[in-house]
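Colleague: Here is how the chains run, residue by residue.
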Amino acid sequence: MNSSTPSLAAGVSHEKWIPLLELATREVFDLMLSCQLSAAGAEPEQPRNITSMVGLAGQLCGVLTLRCDSKSATLMTSKMLGVAPDEVGGQLSDAIGEICNMVAGNFKNKIAGLGDGCMLSPPTVITGTDYSMHSLTDAPALEVKLLFEGTPILICLEIHG
Amino acid sequence: MDNVRALIVDDSSVMRKIVERSLRQAGINLTEVFEAGNGAEALGLLAEKRVDLILCDINMPVMDGLEFIKQLSGVANAKGTPVVMITTEGSESHVVQALSCGARGYIRKPFTADQVKEHVIPVLAGKS
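Keeping their order, the protein sequence lines are chains A and B. For what it's worth, my numbering labels the leading residue of the first sequence as 2, then goes sequentially. For what it's worth, my numbering labels the leading residue of the second sequence as 887, then goes sequentially.
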C-alpha cells in the first residue's frame, strides 16, 4: 500500500477526502469532456433540476450525487458526445449518469482499499426539483462546488458507514 | 490499422459512442462497429458475426464483462479475438482478474483517445 495514499482506516476524517473528490471530478471533465472546471465563488444559486446518483456499498457505504441545471446537463452531454446541444436528445440521462459513475469510480480508486472493497450501483438520474432526500446518517456530506462553463455544479458524497 | 470490425459492449449507449469515437481518433479504420448492452447480447451477436476487436465494460446488467470473457472461449467466431476492458473498476485485483480471464488490455474510465491508442494498437498488431 502506498503510504501517501489516503486510506480507509478507522478514525480517518472523511473531510480529507474532499480534495480527492474534487480531483476525481476535475479529471472526468478534463478527460471525457475536454473541459476545465473552475473554482466556484459566490455565484447566485441556480435551480439544480438534474440529479445523478450512484450508490456505494461495501467498505464504504453512501451515495454520490452530481447536481446541475438542465442547461449545463445538456452542454455536458453535448461535449461528451461531440455533438451540438440541440442534437443531444434523449441521451442526456445516460450521459449525466455516466459522468457521475466515472466520478464515483475515479474517486474510490484514489482511496487505498476502496478499489476492491467498494461496489458501485448503476447510476440513477432524477429530473426536477420537487423531491426531498432523507439520509440515514447524521454525518455531514462531503461537498464540492465547481463551475462548469460558468455555472455551478454540486458534487456531494453522503457517507453512511 | 485498416478494416477493423469492432464490437463495443457497454450498458451505456453514450459510452459506446465515445469508445467508437476514441478508436477512430486513435487512427483505427473501423469498417464495421457492432454494439451490445451486456455480455449476453454480445455473445448472441458473436454467434453470427466475426469481429477483430472487442472492447468491453465490466459492470453491466444481465451478464457482466468478466463472465462474458469467460464464456467467450466457447464461441467459435471469437477464437483468438482480442478483448480490451474499458471500465471504472480500476483496482489491481480487477485488472489481474480480467487478464486472467483472457482480456488482453485494460483501460480505466475516464480515458483519453491516446490511452485507447496505447492499449489497443499493440493488441491489434498482435504484440500484446
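Simulated from the structure, these hints should not be mistaken for laboratory data. Please read these numbers as outputs of a predicted model, since none were measured by experiment. Careful, some of the hints might be misleading.
As the list claims (entries may be wrong) - In silico DSSO-like links for lysine-lysine, alpha-carbon gap of 27 Å or less:
#	chain 1	residue 1	chain 2	residue 2
1	A	K111	B	K1003
2	A	K146	A	K17
3	A	K72	A	K17
4	A	K111	A	K146
5	B	K1003	A	K80
6	A	K80	A	K17
Colleague: Identify every previously stated hint that the structure contradicts and give their numbers, smallest first.
Modeller: 3, 6
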